[in-house]
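*Asks:* Spelled out from the first residue to the last, the chains are:
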Amino acid sequence: MSKRIHVSTTINGAPTEFLCEARQSLLEVLRDTLRLTGSKEGCGNGNCGACTVLLDGVPVDSCLVLAVEAEGADITTVEGLAHDTRLHPLQQCFLEGAALQCGICTPGFLVTAKALLDRNPKPTEHKIRFQLSGNLCRCTGYDKIVRAVQEAAKALDGNGRAEKKAAAKPRAAAH
Amino acid sequence: MAEHKTASPAKSDAAQSAGNGHAQTNGSTVAPPYRVIGTRPVRHDGADKVTGRAVYGADLQLPGMLYGAILRSPHAHARIKSIDTSAAEQMPGVLAVATARDLPNLKDKVANLGEGAVNLAHLGANVLAHDKALYKGHAVAAVAAVNIHVAEAALAKIRVDYEPLTAVTWVLDAMQPGAPILHPDLRTDELGEPGAGNTNISTHLHFEQGDPDKAFGQADVVIEREYRTATVHQGYIEPHVSTALWNNDGHLTIWTATQGSFTARQQTAELLQIPLSQVTVVPCEIGGGFGGKIPVYLEPVAALLSRKCGRPVKLIMNRADVFEGTGPTPGSFVRVKLGAKKDGRIVAAEAYLAYDAGAYPGGMIGPGCMCVFSCYDIPNARVDGYDVCLNKPKTAAYRAPGATQAAFACESVVDELAEKLGIDPIELRLKNAAKEGTRRVDGPVYDRVGLVETLEAARNTPHWKSKLEGKNRGRGIACGFWFNIGLKSSVSAHVNFDGTVTLLEGSTDIGGSRTSIAMQLAETLGIKAEEVIPRVVDTDSVGYTDVTGGSRVTFATGLAAYHAGLDIIAQMRQRAALVWECKVEEVEFDAGTFRHKKQSLTFRELAGKLHQTGGAIVGRASVDPEGATNGFAVQIADVEVDPDTGKTTILRWTIVQDAGRAIHPSYVEGQMQGGAVQGIGWALNEEYLYDDKSRMTNASYLDYRMPTALDLPMIETVIVEVPNPAHPYGVRGVGEVPICAPPATLANAIYRATGVRMRELPMSPPRVWAALAAKK
Ligand code: FES
Ligand code: FES
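The listed protein sequences derive, respectively, from chains L and B.
Here the first sequence stands for residues 47 to 221, where the numbers follow our numbering.
Here the second sequence stands for residues 705 to 1480, where the numbers follow our numbering.
For the record, the hints were derived by calculation from the structure and aren't laboratory data.
Treat the hints with caution; some may be incorrect.
Within a straight-line C-alpha distance of at most 27 Å, the following computed DSS-like cross-link-like pairs (lysine-lysine) qualify [as the list claims (entries may be wrong)]:
(1) B:861 - L:49
(2) B:1171 - B:1232
(3) B:1012 - B:1169
(4) B:1175 - L:173
(5) L:173 - B:1351
(6) B:1045 - B:918
(7) B:1175 - B:1351
It should be emphasised that the depicted structure is a prediction, and the values quoted were computed from it without experimental measurement.
All chains should be built: construct the whole structure from the sequences, respecting the hints.
*Replies:* See the structure below:
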């Protein structure tokens, strides 16, 4: 086994350190080392989006990020969306709008949609579909997912609760 | 939480009715109004699934757990001369290696798995290849190691000596004399008799009614066409995964992503030749199945590895393994001939269907034959079907298995018939629609079915009534059919002293069925959906339950929940009689309240008195119902075809379907939308591509192109309700039928847009472009 490397990050607001091998993906470390198994592996090669996390506010396929690249980064996973006992409006709207069936794609969609709404609180349907096109769902046909994002946008906008992060750093998104 | 409520149930109902109609017809089951059925509660497992807490198979971690990996054949067809695992076994960090030698030698034995049966000798050889690899991706050996990287490195040290053989992947080629033979001992089951000579054709089915030859002679119009469809995959986003622990007491526990924990247990026990009771299957949350997670692939292999090293072993497929090593749905060749009178009455029909079985016999040809003419009342018909082995993975069920290929052919010919006769395509279908009393070509006579109502509802949709204008645009319509199944389901339910009810069930929940079953129990008991706590439990904790498949769960497991509810009410009435010191017969129950003269107790109040009146109440039921009656859906598409690229863009889509009764309308719509979109992917893009050595070349999501959100418009839904008389709440299965119509719907739309009839799937841009070029 190769030598392990020490990495310091912030994950879901908590300073987090871990040891990893150079070849390990961020997804593998999140799931197997840190046991944050909310991020899913559907393909392992950047084509399904089930592993999407926010890296400094930008959605990335964590299966395509090496864990060592996360040094100093601020990472948000699906586990970081809800605050205490309160679900994020996206989570609430996914539930009320039945936007999940098997649910395996849901964490990736939630994280991608959060990135969209953080930057663009009033996206058009086309913009939502465009932003979500790196996330595959095989169960729903996307209709209820798109509607749930629209509902969440309204909710966030309506009560002015949009958690407007400092505008995301311009950096190539994975999607 | 309140300020997060963005769409109250009432508001979302209103939003739904704006876009989605809800046509009602009257039937004769437990009479509405209902208090729970037809509402849209948040699913019981919802919070777990939006927070990432739900435990799917891959999320499981056990102390001391090892990671496994599987070596797969690089050849589409090869004799395995030897396997040398010694170098892998000696690698540090490797704890076990397994090959087919570790599996008991199984004679031919057929095990019934509910939706489909399986020959165990074939299943065993599919799980780990014996003497031959029959497709690229066929599992050959397995390793368990301290982590996945060591396991994968160990695979590279296994030496397999292959003798490559000629392979075949197109069904008509595999049927030719002189084709490469997969199984030297295979003889065609020719209408029940074994045929003579080597062949890849495992079965020939034949159905006939009336006098088709005479009827074709009397028809005014006869149209005969040939159709081809490519192999496609179920495409569930969660790869197969299983973890096994062969404990020191000999008991085997398997945590797995399966559509049927009991059938997974049965297959595993049979393959390992150990008693059923020695195996517990724990169903994890499952990330999609669509029929593809009924056969076992990893379960017995993980068990073998665990037995060798005494530690839990987790096996996960990667995406390429899923495409190359697990059941896709059959590629097919279908020829359909229809004869009609001038007035549009279809009088004669004939079909020839040849379907891939994949590497081992037993594909989807049976349902293909059953479904090809199932939308219509055709007195004279003949169907011949062939199940054909070839060098592709063993096919597995995929949502209405076998029906979509057949519907593509039949519904395309019906469209040509309508055009030739100058009759509106819905009108022509209404003229011939199957109804109560129609005899299907394979024998069954329909009871109450809702195709006529569904077609009429389709004709009344805003979509069908709207005008489609513009260049290169066209509208298509087609019908789909699935017969739905019943099978066995068990539940038990205990009343908690606070008035809630815990419901234990064996049906793995792939798309919200916990809630649709809980709602039926809640309705029966007169309590709220949220007052039922549904739990999907392991094979030791509930009675036998068949697979989640065949669109059966809401129907059959829901029926079991209804009966368990009646059982609870009967016992509660006895307790009420104790409290009121009256006879049981004097206790009435209605809408959640027990009454005797002027006294009354709500369900919750009486539950609070169980302690004093004898303790807990457990209701239970086990059912094996008849009457999972047929489902129909009609779909409408508007498309625009780009003449320069051949790309088809969907402008608008509507699906109209008879659900019998929609228990949770959102999840019914979800099934309709999801099924329609899978059918759209099948129609427009998805296919297995092969190189000149019959090896799949596109085993990734990038190259096996499934629909994304950007490829689609909203999918409008209209739920028609023609209650199923065989279910207390009128439920029909809804999961499968929506996939059937889209390929024909799109072919018919593309024709109207371009004047070109597409008769091969997928109708991908290059194919449509070539067809347009040929027309010029
Ligand atoms: S697992 Fe990372 S994109 Fe599919
Ligand atoms: S809900 Fe199953 S893949 Fe999206």
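*Asks:* Going straight from one Cα to the other, do residue 861 of chain B and residue 49 of chain L come out at no more than 27 Å?
*Replies:* holds (23 Å)
*Asks:* Just to be careful, I want the Cα atoms of residue 1175 of chain B and residue 173 of chain L compared with a cutoff of 27 Å; is the pair within it?
*Replies:* holds (26 Å)
*Asks:* Is residue 1175 of chain B within 27 Å of residue 1351 of chain B, Cα to Cα?
*Replies:* Roughly 14 Å separates the two Cα atoms, so the pair holds.
*Asks:* Under the criterion that the straight-line Cα-Cα distance not exceed 27 Å, is the pair residue 1012 of chain B, residue 1169 of chain B satisfied?
*Replies:* violated (66 Å)
*Asks:* Going straight from one Cα to the other, do residue 1045 of chain B and residue 918 of chain B come out at no more than 27 Å?
*Replies:* holds (13 Å)
*Asks:* Decide if the proposed pair is consistent with the structure: residue 1171 of chain B and residue 1232 of chain B, CA atoms, cutoff 27 Å inclusive.
*Replies:* violated (44 Å)
*Asks:* Given the hint that residue 173 of chain L pairs with residue 1351 of chain B, test it: the Cα-Cα distance must not exceed 27 Å.
*Replies:* Distance of about 21 Å is within 27 Å: holds.
Checked against the numbered hints given earlier, the structure breaks hints 2, 3 and satisfies all the rest.
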